[in-house]
Amino acid sequence: MSENIWRYLITLLLAVGLFPGMILAAGPEQRVASLQKKYQQLHSLGLDFSQTTRNGGRTKHGAGNAVFFRAATTNTATGSPGIMRWNYTAPTEQTIINDGLSLSIYTPEDKQLLVSPTQDMDSDVTYAIFTGAKNLLDEFAVTPGDPLFLLNDPPKGCNALQLIPKKPHPQVKRVQIWIADDLTILRLLMEDHFGALTELTFTNVRFNALRQGDAQQMRALRALDLAPGTEIIRQ
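Residue numbers (the numbering used here): 1 to 235.
No lab work stands behind these hints: they were computed from the structure. Please read these numbers as outputs of a predicted model, since none were measured by experiment. No residue lacks a Cβ here, since even glycine has one placed at the ideal position from N, Cα and C. Just so you know, not all the hints are guaranteed correct.
[Stated by the list, open to error] FRET-style restraints, in silico, Cβ to Cβ:
id	residue 1	residue 2	range
1	Glu-231	Pro-144	43 to 51 Å
2	Lys-37	Pro-144	14 to 22 Å
3	Gln-235	Lys-173	22 to 30 Å
[Said to hold, decoys possible] As a list, the in silico DSS-like pairs of lysine-lysine whose alpha-carbon atoms are at most 30 Å apart:
id	residue 1	residue 2
4	Lys-167	Lys-37
5	Lys-173	Lys-60
6	Lys-166	Lys-111
7	Lys-173	Lys-37
8	Lys-166	Lys-37
9	Lys-37	Lys-60
10	Lys-156	Lys-37
11	Lys-37	Lys-111
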């Protein structure tokens, strides 16, 4: 996936919330409102994921794990509300970190670290959602899920919702999420304007398993063990 797609995906995941909570409300918009409300109360999240991408008739698979950890308080000087770390274990190792200050993508096989400042995302609606500055219902039209919009068989016992940006987004055409009755998102499917699809399925989801406000945990999630000779590219 491109860096911009990852920016969108990470912020959307954090915004809509991968967490348990109240029973689903009656309508699609109420469900999304409940998701965002529960997200705002979350301080940590861990999960395993599998990924399927399809682009131009080619299908690829990946897997790994992810952790989101919210700071005890948002640092008003830096704007950092917490950190999200994705660790790919297949098909190749890769680590993606968003700490509210920068987006870092490290690929050991290439000995390359890409670092982009989040200031570049100030005009990006998804970054605004990530920081809590905007409401999902202000940014997305929400409808019941499209039963034909999928890559793999949908998770059993889930409700699907489709989110379409109200204003044209340069990277994303539409997103569909599958939600269990306890408001846990079990799958997310995203389509770009060229028809490329990215599907993430979540398992072993762990809520608030980390100690809130743990500074040592924050440092560990930011840490990267760079191989000697790694090229650092700052954008």
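We went through each hint and held it up to the structure:
no.: 1; hint: Glu-231 x Pro-144: 43 to 51 Å; verdict: holds, 46 Å
no.: 2; hint: Lys-37 x Pro-144: 14 to 22 Å; verdict: holds, 20 Å
no.: 3; hint: Gln-235 x Lys-173: 22 to 30 Å; verdict: holds, 25 Å
no.: 4; hint: Lys-167 x Lys-37; verdict: holds, 23 Å
no.: 5; hint: Lys-173 x Lys-60; verdict: holds, 20 Å
no.: 6; hint: Lys-166 x Lys-111; verdict: violated, 39 Å
no.: 7; hint: Lys-173 x Lys-37; verdict: holds, 25 Å
no.: 8; hint: Lys-166 x Lys-37; verdict: holds, 21 Å
no.: 9; hint: Lys-37 x Lys-60; verdict: violated, 34 Å
no.: 10; hint: Lys-156 x Lys-37; verdict: holds, 25 Å
no.: 11; hint: Lys-37 x Lys-111; verdict: violated, 40 Å
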